[in-house]
Each structure stands twice: as structure tokens, then as C-alpha cells.
Amino acid sequence: MPSTQETTAQETTTGQLGIATGGPVLKEGVSLRVRRIGKVLLALSGVALALIWAFPVYWMVSSSLLSNTTLGKSTPTWFPSSGTLNNYRTVLADGRFFDALSVSLRVTLLTVFVVLIFAFLAALAISRFKFKGRKGFVLALLFIQMLPAEGLFIAQYKMMANAQLLNSVIGISVLYIAAVIPFTVWMLRGFVAGIPAELEEAAQIDGCSPTGAFFRVTFPLLAPGLVASGVYAFLQAWNEFTVALVIMQEPTSRTLPLWLRAFVEGSRAREIDWGAVMASSTLVAVPVIIFFLFVQGRMTSGLVAGAVKG
Amino acid sequence: MSVVTTIDAETGVTAREVNPRKRKIAPYLLIAPAIVMLVVAMGYPLGWQIYTSVHHYGLAQQFGKAAEFVGVDNFTTLFSSSTTWMVVIRSLVFCLVNAGLTLLIGLGAALLMKAVHKAVRLTIQIAMLLAWATPVTAAVTIWIWLFDWHHGVINWVLSHFWPSMVHFNWLGTPLGFYSVATLIVVWMSVPFVAFSIYAGLTQVPDEVMEAAQIDGATAWQRLTKITLPLIRPVLMIVALLQLIWDLRVFTQTRMLQDYQDPLNVDLLGTYIYRMGIGQSDFSMASAFSIFVLLLTIAVSWFYVRELIKEDN
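In order, the protein sequences belong to chains A and B.
So in the numbering used here, spot 287 of the first sequence is number 287, and the numbers just go up one at a time.
So in the numbering used here, spot 201 of the second sequence is number 1201, and the numbers just go up one at a time.
Derived by calculation from the structure, the hints in this document are not laboratory data.
Mixed in with the good hints, there may be bad ones.
[As the list claims (entries may be wrong)] Dumping the calculated SDA-like pairs for lysine to any residue here, alpha-carbon to alpha-carbon at most 25 Å:
#  : chain 1 : residue 1 : chain 2 : residue 2
1  : A       : 132       : B       : 1025
2  : A       : 132       : B       : 1308
3  : B       : 1114      : A       : 158
4  : B       : 1024      : A       : 42
5  : B       : 1309      : A       : 73
6  : A       : 135       : B       : 1236
7  : B       : 1065      : B       : 1078
8  : A       : 135       : A       : 198
9  : B       : 1114      : A       : 38
10 : B       : 1065      : B       : 1054
11 : B       : 1118      : A       : 42
12 : A       : 158       : B       : 1025
13 : B       : 1022      : A       : 42
14 : A       : 135       : B       : 1024
15 : A       : 135       : A       : 121
16 : A       : 135       : B       : 1304
17 : B       : 1114      : B       : 1205
18 : A       : 73        : A       : 266
19 : B       : 1225      : B       : 1212
20 : A       : 135       : B       : 1047
21 : A       : 39        : B       : 1205
Quick caveat, the model's predicted, so the values are computed rather than measured.
One chain only, chain A, in its complex shape (with noise of 0.2 Å):
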């Protein structure tokens, strides 16, 4: 809520700019009520904006703590005052969940670690050097970047099964790194360009090599380019779903997405344990909140400077 002071503040500067041009004194008044009343009123709108699109992660969390017979009264139960952690004790009971961990774990430091080194090759060679193909090469990038998953998976599908890759780690990150390229070339092109070769070159006239003068100059100054599209590759591979549900079909090489859809399922054999169901995509979906909202601040000044100014 905004403070008083602020508000008052603020209508002040208002007030003297209604005097300033001889706006009628008599309606100052009355525009003063009403300017202060908007205010409320837009205060009190965004709040519940804020409480809207913030209730469903909220209602998660607090389900994950309740248990099934809590959550099938006729009245919800708005505060987890009673919670217990006995959804996460039934989730975490039969290890399935720490498989799939492990699978994700694996398939997105692969993924980071490979994207990372070929996405700043490339787009090395395209903010520092002039050659033939340069152009098509930017334009092929920008056009993969939009393909829909949809539009190729079948075909994915089909070449790992003939390359015995279905259901392995290997297979599927091949699949994520070629995703994931064009979009963080695009965005650490932006990084490379906005360092100036200048720098280098003043390194090179003090004696450094050229690759020396890259290394030791240009480099250091790429970390926040670099962090933000690990960032970016990390999401994607952790969070994908299209992809994995038709290369991942095993039960034991489930990724966590695919492993939070397989739980409902099961739940729903039954009728379904809500509680529980909510405790996994709590499980899920914490943990990439948490790192979300450390790394933002970054990593929307990455995208914008990369992938919007240039």
C-alpha cells in the first residue's frame, strides 16, 4: 500500500501544476478528492491483481500440506494451520522421485555445459568476424529458435529409436542442446558486441596474443552473458515436456515433468490423493521458483540487453 506521505506528495506537485496553469481553484478541491480516491482504487487493483496471479502457487503449497480427508471438506480450507509434511513422507516413499531428479540432473548440466560452449563459439564468429553465409547463418537462427517442438518430434522420435537412443540421457540432451543454440547464440551475441574490440586491441598493442588478448580481457567481461543463457539453457532443459514424453517413455528414464505427470496418473487410479498430488508438483515446482527469482534480476537484464537492444 503506498504510504500517505508519498500520496500527499505526489498531489501536491499535481496541485501546483493545476495553479501553474491556471486550472479553476474552485474544482481544486474536488479534483484533489478524486485523484486521491484513483489512487486508492489503483492501489487497491493491483493488490488483487498481485493476490490473483499469486493464489495458485499459493494453494499448492498449502494443499501439499493437507491431507485428503482436509482437502474433501465442503468448505476449503484457506490456512494450512493443521499441515503436516505426511504427503511429501508418501511421495518421497517409493525413491521414484530421486530417479527422475537424477535423470533431470544429468540431462541439464549436459545440456548447459554443451549449449554454453557452442553457443559462445558461434557467436563469436558472428559479433567478430565479417565472412560469407554471416547473414544466412543469423537468419536460420532466429527462424529454428521458433520452430514448434511439435513440428519435428515425430521425426526425432523415429531417428532415436533408429539410433537406439530412446530413453537415454545422451539422446534426449542432443535433442535440448540443438534447441536451446539458437537462442543463446542470439542473446551472448549481443554480450560479445557490446564489448568493445577496442579493449582487445589495446591488449594486443601491450603485448598479449590475440587469443591471449580474448582470454584475459574479453572473457572476464562475458560472465553476466554467459550466466544468463546458462540460466536460460537450464530452465528449458528442466522444465521441457513436449520432447521427453515421446523420447523418455520408459518409467525409469522419466525426467522430474514427465515423473510429476506419471504420479497424477497413478493417483488417479484411485481416487485422487490431492494432497499428495500437490506435494509433488510442490517438489517440482519450488525449488525452480526459488532459483528463478534469485537469478532474474540477471537474467532479464541478459535477455533485454542481448536479445532485444543488440
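Using the hints, position chain B against chain A.
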């Protein structure tokens, strides 16, 4: 793209000599790994898909019989089916409604963030970040619970106003199904749009707005005649991205279909999935995939043009 090329023009002037031939092949070596990955994971499947779409690929071919070339027969069969056209039309309508709602709400949220006090703005931003950060599978699961016909909180609230909403089965009718899918998509997409537009709004100079106010422009006039034209580049880019993303919605519909007889609610992605993975009809799935890719590229063309424009 003007920032690019200083080095190779100027390394000649610097202390060390660089072999010009090395300079020439260096960029190709640098992009090679990325290109190899793209060719393996996308180029090859795309080639296979084009090949398969013009061949008959049925059960016999599963067991090794060579596929027979049939030209555009698969496409003709596919697009003479009313099911296909229904899927296409539904997807286009779904895409337009979702993108439209997302943009409107996103714009509204951004304007609200600009208008309110810092503390309220921060509250909105944190709430939006929560929705943005939630993995899509978790988001769908949460919304299914919110809309649960028996114990869901949404039916509980609605039943206070419309008693008939007690135990209303949202996922039991196509319209209910698309409404739930739309809510999930909009909830997840608005934050990105709101943040991008808000970033654009902060670039609009205050003096311009003050000048317009002094000249007697109403709030509505200031919005439509000054603010919106000034942030047009941002609006264009988020609108096009939203169109492309909403055309390819898959996870939400696929997961919601677990709860509903799926035949009459397919959108583009789930239709391909059903033909390809469900029925192993690779020719039809490939033909339709190519159609979807072309459709996406057509929309993307405008987006890429905007990006290149921004870049220059």
C-alpha cells in the same frame, strides 16, 4: 548489425601479424559445432519428415517393406478430412483468443505497475514472477486441482453466485476444456508480456506526458496517442512471440486431455502426437508437421523482420 567487424580490419595495424588465411576459416570453425548439432537434431529429422510425407508409410513399412512414393497424396487425404480442418480452425481461434487476452491483461498490468506506488508495484512483480517461474507441468497440475469438479476451490466460489456450478465438470465439455486451457496459458504468459511492456513504459519520458497533460489531453488520449505509439516496437515483438507460442500450445492441452475424452478437443500439437505416437501413422503426422512448420515460419517471418529492424 553494424557493431560487428572492427577486428579483422584493424588487426593488421596491431603489433602481431595474423595469418590472413587463418582469419578466413576461423569463423567457420567457430560456428561448426553449433551447425553440426542443428543438422543432427533438426536438419536430419526435417529431411526424414519431408521424405516420409510424400511416401506411403503404414504398418507394412514398420516391418521393413520399402515405402512407396505417393507424391502429395498424404496432403490431399489429410486436408480433405474435416477433422483436420476443425483442428486447424480451433487452433487458430484458440491462438488468437489467448494471445489477445494475454496482451490486453499484460498491457493493463504494465500500466497499473507504472501508475501505482512502489510497494504495490513490487507486490505485483513478485506475484507475476511466481507464475512465470512455475514449471508448466506443475502449473497445469495446480489448475486441474483448482478446477476439480468435486473439491476444487473455483467451483466452491462460483457456486455461491450460481448454484448450478456445484460439481460442474469443467473438463467434461469442449468449451470448459478450452476455458481451463486458456486460463492456464494466460496465467503463465501474462508476466513476460507485463514485464516487457513495463520496461518499455519506463522509457517513455515523463516530460512528454506532462506536456500533453498541460495541453489538456485526457488520460485515454495520452494512452492511445502517445504511450502506445511510443512503445509500439515492444508491443509488436511481444504480440508476435505470443502468437507463435500460442499456436504451438501442447503441454497444457496434452495434460488436460488426460482428464477428458480427447477426440474432439485436439489442437495442432496434440493432433500430430495422436497420429504419430498414438496411431504410428508417420506419413500423415509428417505431412501435418510440415504444415505446422510452414504456418509457424509464416508468422515468425514478421517477428524476425521486427528483430532485425530493432538490431539495426
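So, going through the hints one by one against the coordinates:
As the CA atoms of residue 132(A) and residue 1025(B) are separated by approximately 10 Å, the hinted pair is consistent with the 25 Å bound. For the given pair, residue 132(A) sits about 18 Å from residue 1308(B) by alpha-carbon distance, which is consistent with the 25 Å threshold. Taken as a hint, the residue 1114(B) and residue 158(A) pair is broken in the structure, with Cα atoms around 50 Å apart against an allowance of 25 Å. Pair hint residue 1024(B) plus residue 42(A) does not hold up; C-alpha atoms about 60 Å apart against a cutoff of 25 Å.
Between the alpha carbons of residue 1309(B) and residue 73(A) the distance comes to roughly 57 Å, so the proposed pair goes past 25 Å and is violated. For a cut-off of 25 Å, the pair hint linking residue 135(A) to residue 1236(B) stands: about 23 Å separates their Cα positions. Of the pairs offered as hints, the one joining residue 1065(B) and residue 1078(B) holds, with about 23 Å between alpha carbons and a cut-off of 25 Å not exceeded. This hinted pair checks out: residue 135(A) and residue 198(A) have alpha carbons roughly 24 Å apart, not beyond 25 Å.
Using a Cα cut-off of 25 Å, the hinted pair residue 1114(B) and residue 38(A) holds, with the two alpha carbons roughly 14 Å apart. Restraint check for residue 1065(B) and residue 1054(B): the C-alpha separation of about 16 Å stays at or below 25 Å, so the hint holds. For the proposed pair residue 1118(B) and residue 42(A), the alpha carbon gap of about 12 Å is at most 25 Å, so the pair holds. As the CA atoms of residue 158(A) and residue 1025(B) are separated by approximately 35 Å, the hinted pair breaks the 25 Å bound.
The suggested pairing of residue 1022(B) with residue 42(A) is violated, with an alpha-carbon distance near 62 Å, which exceeds 25 Å. Using a Cα cut-off of 25 Å, the hinted pair residue 135(A) and residue 1024(B) holds, with the two alpha carbons roughly 16 Å apart. Pair hint residue 135(A) plus residue 121(A) holds up; C-alpha atoms about 16 Å apart against a cutoff of 25 Å. Restraint check for residue 135(A) and residue 1304(B): satisfied, since their Cα atoms lie roughly 13 Å apart, inside the 25 Å limit.
For the given pair, residue 1114(B) sits about 13 Å from residue 1205(B) by alpha-carbon distance, which is consistent with the 25 Å threshold. Between residue 73(A) and residue 266(A), the direct Cα distance comes to roughly 23 Å. Compliance with the 25 Å bound is thereby established for this hinted pair. Proximity of residue 1225(B) to residue 1212(B) is assessed by CA-CA distance (about 10 Å); at most 25 Å being required, the pair is judged to hold. The suggested pairing of residue 135(A) with residue 1047(B) holds, with an alpha-carbon distance near 23 Å, which does not exceed 25 Å.
At roughly 21 Å between alpha-carbon atoms, residue 39(A) and residue 1205(B) fall within 25 Å of each other, so this suggested pair holds.
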